Amino acid sequence: MLDIEDFIEERGGNPEKIRESQRRRHAPVELVDEVIALWQDARKTQYGVTQIGTQINGVQKEIGLKKRAKEDATELLKQKEELTEKKKIQEELAAAKNAELKVKAKLVGNYVHDSVHVSDNEDNNTIERTWEPETFDKTKQAALSHHDVLLRLGGYDPVRGVKLVGHRGYCLTGYGMFLNLALVNYATAFLFNKGYTPNQPPFMLNRDQMAKTAQLSQFDEELYRVSEGPTPSESDRYLIATSEQPLSALHAEEWIQPSELPIKYCGYSTCFRKEAGSHGRDAWGVFRVHQFEKVEQFVLCGPDDSWDQFDQMMANSEEFYKSLGLPYQVVGIVTGALNNAAAKKYDLEAWFPFQKEYKELVSCSNCTDYQTRELEIRHGSKKGKQIVGGGKKEYVHALNAVSLGMIPSLVGIISLIHRYRHSVLLSEHYAAFLRTTKQRKDSLCPRCCESIFLASLSSCLLSRRPPRK
Numbered sequence: 001m002l003d004i005e006d007f008i009e010e011r012g013g014n015p016e017k018i019r020e021s022q023r024r025r026h027a028p029v030e031l032v033d034e035v036i037a038l039w040q041d042a043r044k045t046q047y048g049v050t051q052i053g054t055q056i057n058g059v060q061k062e063i064g065l066k067k068r069a070k071e072d073a074t075e076l077l078k079q080k081e082e083l084t085e086k087k088k089i090q091e092e093l094a095a096a097k098n099a100e101l102k103v104k105a106k107l108v109g110n111y112v113h114d115s116v117h118v119s120d121n122e123d124n125n126t127i128e129r130t131w132e133p134e135t136f137d138k139t140k141q142a143a144l145s146h147h148d149v150l151l152r153l154g155g156y157d158p159v160r161g162v163k164l165v166g167h168r169g170y171c172l173t174g175y176g177m178f179l180n181l182a183l184v185n186y187a188t189a190f191l192f193n194k195g196y197t198p199n200q201p202p203f204m205l206n207r208d209q210m211a212k213t214a215q216l217s218q219f220d221e222e223l224y225r226v227s228e229g230p231t232p233s234e235s236d237r238y239l240i241a242t243s244e245q246p247l248s249a250l251h252a253e254e255w256i257q258p259s260e261l262p263i264k265y266c267g268y269s270t271c272f273r274k275e276a277g278s279h280g281r282d283a284w285g286v287f288r289v290h291q292f293e294k295v296e297q298f299v300l301c302g303p304d305d306s307w308d309q310f311d312q313m314m315a316n317s318e319e320f321y322k323s324l325g326l327p328y329q330v331v332g333i334v335t336g337a338l339n340n341a342a343a344k345k346y347d348l349e350a351w352f353p354f355q356k357e358y359k360e361l362v363s364c365s366n367c368t369d370y371q372t373r374e375l376e377i378r379h380g381s382k383k384g385k386q387i388v389g390g391g392k393k394e395y396v397h398a399l400n401a402v403s404l405g406m407i408p409s410l411v412g413i414i415s416l417i418h419r420y421r422h423s424v425l426l427s428e429h430y431a432a433f434l435r436t437t438k439q440r441k442d443s444l445c446p447r448c449c450e451s452i453f454l455a456s457l458s459s460c461l462l463s464r465r466p467p468r469k
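As numbered in the UniProt record's numbering, residues 1 to 469 make up the sequence shown, in order.
FYI, nobody ran anything at the bench for these hints, they're computed from the structure.
As the structure is a prediction and not an experimental result, all values here were calculated from the model.
Check the hints yourself; a few may be wrong.
As the list claims (entries may be wrong) - With a straight-line Cα cutoff of 27 Å, these simulated BS3-like cross-link-like pairs (lysine-lysine) come out:
no., residue 1, residue 2
1, Lys-106, Lys-86
2, Lys-78, Lys-88
3, Lys-44, Lys-80
4, Lys-102, Lys-86
5, Lys-393, Lys-322
6, Lys-356, Lys-102
7, Lys-359, Lys-104
8, Lys-194, Lys-67
9, Lys-17, Lys-322
10, Lys-67, Lys-87
11, Lys-322, Lys-264
12, Lys-87, Lys-102
13, Lys-393, Lys-44
Using the sequences provided together with the hints, build the complete structure.
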């Protein structure tokens with residue numbers, strides 16, 4: 001969230017700057033004034049706590065004088081007890097007021113970067129750049145969708161998946177599973193060679209940690225709750241929707257020295273979302289599902305470095321998808337479609353020949369200090385930040401990018417190979433991970449797994465029959 005003092009002019013803040021950012025987001029501007037009003041109310045309530053404390057101190061001095069004079073202090077002790085109870089009630093009220101203030105402040109979005117196109121219509125997203133292989137022909141449509149290709153390969157089983165878990169359940173099988181595992185290994189090795197530290201975090205977060213890194217609206221709409229009882233409680237955990245959530249909380253309550261930055265993680269995780277698309281969008285196949293794997297870039301850096309890191313993370317994503325041979329476009333997301341934490345966001349969308357449209361594979365956001373403020377991930381040494389006269393706390397900046405959504409990327413590769421049939425080979429680097437798969441005696445081809453897969457794919461497409469088992 002934003003610094004509360006940014007809302008308060010007397011504390012050096014600029015509430016009009018926040019109002020303007022809200023206008024550009026096409027978000028409620030009145031939230032700013034509501035935060036200011038709540039701050040004033042919370043401040044008065046906290047002042048009441050201080051006043052009662054002053055009264056208690058005064059009574060305590062009188063009690064001391066009575067005792068030294070060996071006089072009866074019963075009435076004063078009773079008065080102190082009453083004041084102590086009154087202070088406790090006032091402190092609880094102040095805590096509730098501060099909690100209400102915090103909840104309201106979290107509804108206000110991050111400062112939008114000046115380069116972001118102002119609009120509340122995603123049709124106005126900007127195309128920043130495009131890339132395609134030399135042999136790419138956008139007019140050529142695939143004869144089969146990705147899920148038809150996977151079915152003919154024996155690469156996934158949607159029927160039994162739905163039987164096991166319900167709506168949009170699936171099992172990856174055979175070459176579908178091998179392709180997915182190869183993608184994981186290739187993506188993590190790719191980022192490792194870029195200086196990222198691989199990290200496979202827990203698939204669940206405590207409620208308090210999730211509340212600090214996820215938008216409140218996500219709790220009911222997207223996140224699965226794991227509870228030991230029938231009703232919500234403080235001991236609840238939530239299945240993660242992205243490895244960004246646990247990775248962002250990894251350094252909570254820490255002071256990070258400038259010499260330690262940037263900290264770059266390659267996060268790999270299984271992810272879970274209740275919401276898997278809306279109004280029937282991508283309702284078939286495995287493009288939008290409730291359980292999926294992702295490899296992500298997550299970076300903590302100094303406040304002056306975050307925009308350079310943003311550019312580098314997008315460059316990494318583009319290099320990765322070029323290596324897979326997937327045609328793509330980089331899209332700048334308009335202000336009205338940004339989530340609260342993002343100051344700026346780019347998507348990378350790959351071309352899907354069967355649908356003849358681009359679909360999102362990568363989403364890269366610079367969240368500046370919006371997340372790290374609530375997580376208390378401080379920048380600089382403890383001693384250096386204890387500024388005499390009142391200086392602002394400084395926080396590291398956090399950035400995230402889905403480097404590889406396994407299932408969407410798998411879909412893209414399947415679609416690409418199908419469109420060109422077996423005349424197109426997989427990326428040399430990606431194919432190397434497929435070659436590590438041991439051959440089975442009943443494989444269609446005695447050569448490497450890449451050749452087995454391509455031969456099987458070509459055979460099933462040309463014959464329109466499932467490959468033999």
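Taking the hints in turn, this is what the structure says about them:
1. For the proposed pair Lys-106 and Lys-86, the alpha carbon gap of about 30 Å is over 27 Å, so the pair is violated.
2. A hinted pair counts as satisfied when its Cα atoms are at most 27 Å apart, and Lys-78 with Lys-88 qualifies at roughly 15 Å.
3. Proximity of Lys-44 to Lys-80 is assessed by CA-CA distance (about 22 Å); at most 27 Å being required, the pair is judged to hold.
4. The straight-line distance between the Cα atoms of Lys-102 and Lys-86 is roughly 24 Å, inside the 27 Å bound, and the hint therefore holds.
5. The straight-line distance between the Cα atoms of Lys-393 and Lys-322 is roughly 41 Å, outside the 27 Å bound, and the hint therefore fails.
6. In summary, the hint linking Lys-356 to Lys-102 is not supported, as the alpha carbons are separated by about 45 Å, beyond the 27 Å threshold.
7. Only pairs whose Cα atoms come within 27 Å are accepted, and Lys-359 paired with Lys-104 is rejected, the gap being roughly 34 Å.
8. Restraint check for Lys-194 and Lys-67: the C-alpha separation of about 72 Å exceeds 27 Å, so the hint is violated.
9. Of the pairs offered as hints, the one joining Lys-17 and Lys-322 is violated, with about 40 Å between alpha carbons and a cut-off of 27 Å exceeded.
10. Proximity of Lys-67 to Lys-87 is assessed by CA-CA distance (about 24 Å); at most 27 Å being required, the pair is judged to hold.
11. For the given pair, Lys-322 sits about 22 Å from Lys-264 by alpha-carbon distance, which is consistent with the 27 Å threshold.
12. Distance hint between Lys-87 and Lys-102 is fulfilled; the C-alpha atoms sit about 22 Å from each other, no more than 27 Å.
13. For the proposed pair Lys-393 and Lys-44, the alpha carbon gap of about 24 Å is at most 27 Å, so the pair holds.
This entry does not satisfy hints 1, 5, 6, 7, 8 and 9, going by the numbered hints stated previously.
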